[in-house]
Amino acid sequence: MDEWVVHQRIKIPFMYTAGRALTRFLEGLARGEIWATRCASCGRVYLPPLNFCGRCWRGIDRWCQLPPLGELISYTIIQRPLPEHPDRSPLILGLIRLDGADTNLVHLIGDVDPSEVERVTRVRAVWRDERPASILAISHFAPLT
Amino acid sequence: MPRRVAIISTGQTKHRAKRRDVNVRELITEAVTRALEEADIRMKDIDAVVIGNMEPFEGFLFPELWAVEGWGGYLKPSVKFNTGGTVGTTTAIAAYYYVASGIYDVVLAIGFEKQSEGHTQTAITTVGDPIWERAIMAGAVGNFAVMASTYIHDSGVTEEQAAKVAVKARRNACNNEYAHLQMPDITVEDVLKSRMLAYPVKLLDMCPQSDGACAVVFAEESRAKQLAPRPAWIKAVATAHEQQYMGDSPKRLAAMRSQVAASRRAYAYAGITNPRKELDVAEIYEVASFAELAMYENLGFCERGEGGKLIDAGVTEMTGELPVNPSGGVLSTNPIGATALIRVAEAALQVMGKAGKRQIDGVRTALATGYGGNAWTDVMILSRDL
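Protein chains in written order, with this note's numbering: chain A, 1 to 145; chain B, 146 to 531.
It is worth saying that the hints were derived from the structure and are not from the lab.
Worth double-checking, as some hints may not be accurate.
[Said to hold, decoys possible] Each pair of labels, with its calculated beta carbon distance range:
{"id": "1", "chain 1": "A", "residue 1": "T103", "chain 2": "B", "residue 2": "P374", "range": "26 to 34 Å"}
{"id": "2", "chain 1": "B", "residue 1": "G287", "chain 2": "A", "residue 2": "G43", "range": "50 to 58 Å"}
{"id": "3", "chain 1": "A", "residue 1": "P132", "chain 2": "B", "residue 2": "R509", "range": "28 to 36 Å"}
{"id": "4", "chain 1": "A", "residue 1": "D102", "chain 2": "B", "residue 2": "L210", "range": "16 to 24 Å"}
We treat Cβ as the ideally placed atom computed from N, Cα and C, and that holds for glycine.
For reference, chain B alone in the conformation it holds in the complex (with noise of 0.2 Å):
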């Protein structure tokens, strides 16, 4: 019977398209001080740390070796993740597990990535098969369109709908001094005419390149109870991965098999039937404005092809039913390394009633996901309710 774990606090960088003020290392430290401030311990309360980060983007080898002095891993017990835009979640499950087995009962998870160091759409572009399929594909961004042609096609969306996404993450942007891409005058027609990079992803509709960490301190539940006043308690993890021929991606951001499974598996955990209903907010990995859209179908928001009309009705902004990304999402901030920790830790925040400006009132459930490779999902559920 795995033991009850919680998250007592977290930790954000400001996340810029640049950091040339800081280091890796140092960079990391500021997400890590704050965390360990947010909960009033010490690095020497840290029983374990799990780190991530995409290494290829960077172009360095072992980061955490050479960042250790930054980090606290000096001698600690450590492992190191490297799942591509899941690396956030799956670092914060690894965390989960780590203190659900018994082994440890404070355990510290950090992402990070400086995504202005490397050239991260040629390191994607390593993604691809090597024999078959990487004569062909570059980047991130040509295989995503093709998923959302399709997405249009199969449900009948449109690029208005999409855009709204865009608008509602850089607006919600605003609420949230650590995110990258803040803009509060952001209109439908802004996006629409931004620049196309491949039909029908157009430059506001992607999400951008940042240079970021986070830090997210895990905690059994007697530890939890004493250091937090109130602690987000992970009520249910999931993953699910399948296989990575892009040739095989057409259909994967309107009925993306991995988030189907993976969401369904938490929400069965978690006892939630209605997710619209029972959960109060969430927080997904939505690359680009389109894959919102699909994701609210996948998860089961919505029915299959309600993805534009969710959007339509305001569900999802701020005010609405169900509030996705009030911090601003993926669309207005991207350390990869560090991103789905972010959506772990906004979660978090909006459970624990500190999310500030961006907070929701009244949140008791809320829901976080990692999306990465092509085709990986990571899913966690966190309550207020332990």
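Isolated chain A (complex conformation) (with noise of 0.2 Å):
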């Protein structure tokens, strides 16, 4: 007997609210200025921002710039990206902590050979020169030398 099998495609299309703290979060980055929020309570600085606090069960309204400069916690270099990913290869996805915030980023590791990622330890942000208003204003990550 033969194996049916019945194929389907289905399309849906999706549009995201940003609300109210990743609004400003997302303008900051168009202007190239990355904002984060801190917890008045438990002083954690939440970066993409949160305006409220979960833990502490209370909103956030205190605002802070942080600099476009932090830490490489981990990374991992991803040998055959899939079509949602941008296409380069092999992709380098970084876990970045900018200077004071508490929270990690993930974004893509560049300007340097995966073979040597290894050993990098700061990175910085490096801008697109036409921003827009999304987490890809900043084009990638690059080691700070």
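Quick one: dock chain against chain with the hints and give me the complex.
If you want it as structure tokens, here you go:
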């Protein structure tokens, strides 16, 4: 007996509201600025920013600008990027703790050969010339030399 | 023996077609903050959280993780439910089970949906059997219209009678500050003349798509008495599901077996023999005007085939013997993952005497229902009496 399968493709468009805190964050990125928020209760600095600290269960209204500099906490090298990845191969995904932040950002690490990335400790944001209101306003993070 | 459980507070967002001012996380916080303030408790007083959403509609997996800072789930015992239109009642019933079991004393139930961010009708297409049905069927309206058409044939209800339900809902919604569609001047003629979607369902016969969230706090007996002046005690919960082939749908509106089974089970638990007399108000999950008429019959508010006469007689109006959906119902507000929890919250508000301009005088016993997929039913009965 033949084994039958039914092929289907369903297209669903999505659209996501940035919300109050991330709107301000995205507008900052378009200007080449990185804005975080700081919980007045626990002192935690959120990047990307939250306007509500779920741990303290209170609103956050303190904003602080962070420098485009930080520490490369960890990384991996994606040997076979998926269609959803930016089209660079191999691709270095880094976990970056910006100076002053208490949370980590995931972003691309560039301007370094994958075989050399193990030595990288400090990184800086490399801004695009044309900055969208998106995390992609930062092209990638590069080793700070 | 389950412990006694009550609802002690509720919170809702302003429900709208598009809440562009907030993201999902901020939307949830709006409802949760109101529920906690209403009970005058803090997040640390919540022992566990149950949260409900239909993630295919917004297209992100694990929204409860992404949004955790906004709903108090951080390191708390919690679980998510995803059961279609019944999400909200499933979540409420789960919160009831958690507290009734003795494992947790105070449990927060949350439902949310931001329908404006995805494409619900397309996502609903995946409800159909992938091999057999999806080649033919899509979305919710067409499937529903087949059921409504059969219901008209079997029961003799008219499009005018269904339109009266649509009018009642949108007018009642004017008394509800959270409701999405408030139409004080809507008439039966407006409904009948609105755009035909699929016979017999016209645009104004159908529920809207909304962005919104709802939160409800459940507590065991001693905490409930301590925290609420007049808690809404849960007298019964029941759920019933049945097979999902759409081809078996036509009779389901007029004789929805799951709704008949679940409601009769709940009435038996609660000692209710004549629901029309013994219930003071009902908040039911009426996806469309025709559904409400059929549900009158399924829920035993009237005999088979009498649903249309019930609306004609005004029995279910605000001033009637058994008001149905003083909130404006699903026909006025439909953030799917929250919709059934809103039914529970609104029933609780009526019992607690906190329903504001939509309050029915002297409510002691209230019914809330959820309707999911094609034939899932959840029922909860609330009472002022312990």
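Given the hint of 28 to 36 Å, check if P132 (chain A) and R509 (chain B) actually sit that far apart at their C-beta atoms.
Violated: the Cβ-Cβ distance is about 58 Å, outside 28 to 36 Å.
For the range 26 to 34 Å, tell me whether the beta carbons of T103 (chain A) and P374 (chain B) fit it or not.
Violated, at about 42 Å.
Quick check on a hinted range of 50 to 58 Å for G287 (chain B) and G43 (chain A), using CB atoms only.
Given a distance of about 55 Å, which is inside 50 to 58 Å, the answer is holds.
Taking 16 to 24 Å as the stated bounds, is the beta-carbon spacing between D102 (chain A) and L210 (chain B) within them?
Once the Cβ atoms are compared, 19 Å apart, the range 16 to 24 Å for L210 (chain B) and D102 (chain A) holds.
In this structure, the hints that do not hold are numbers 1 and 3, in rising order.
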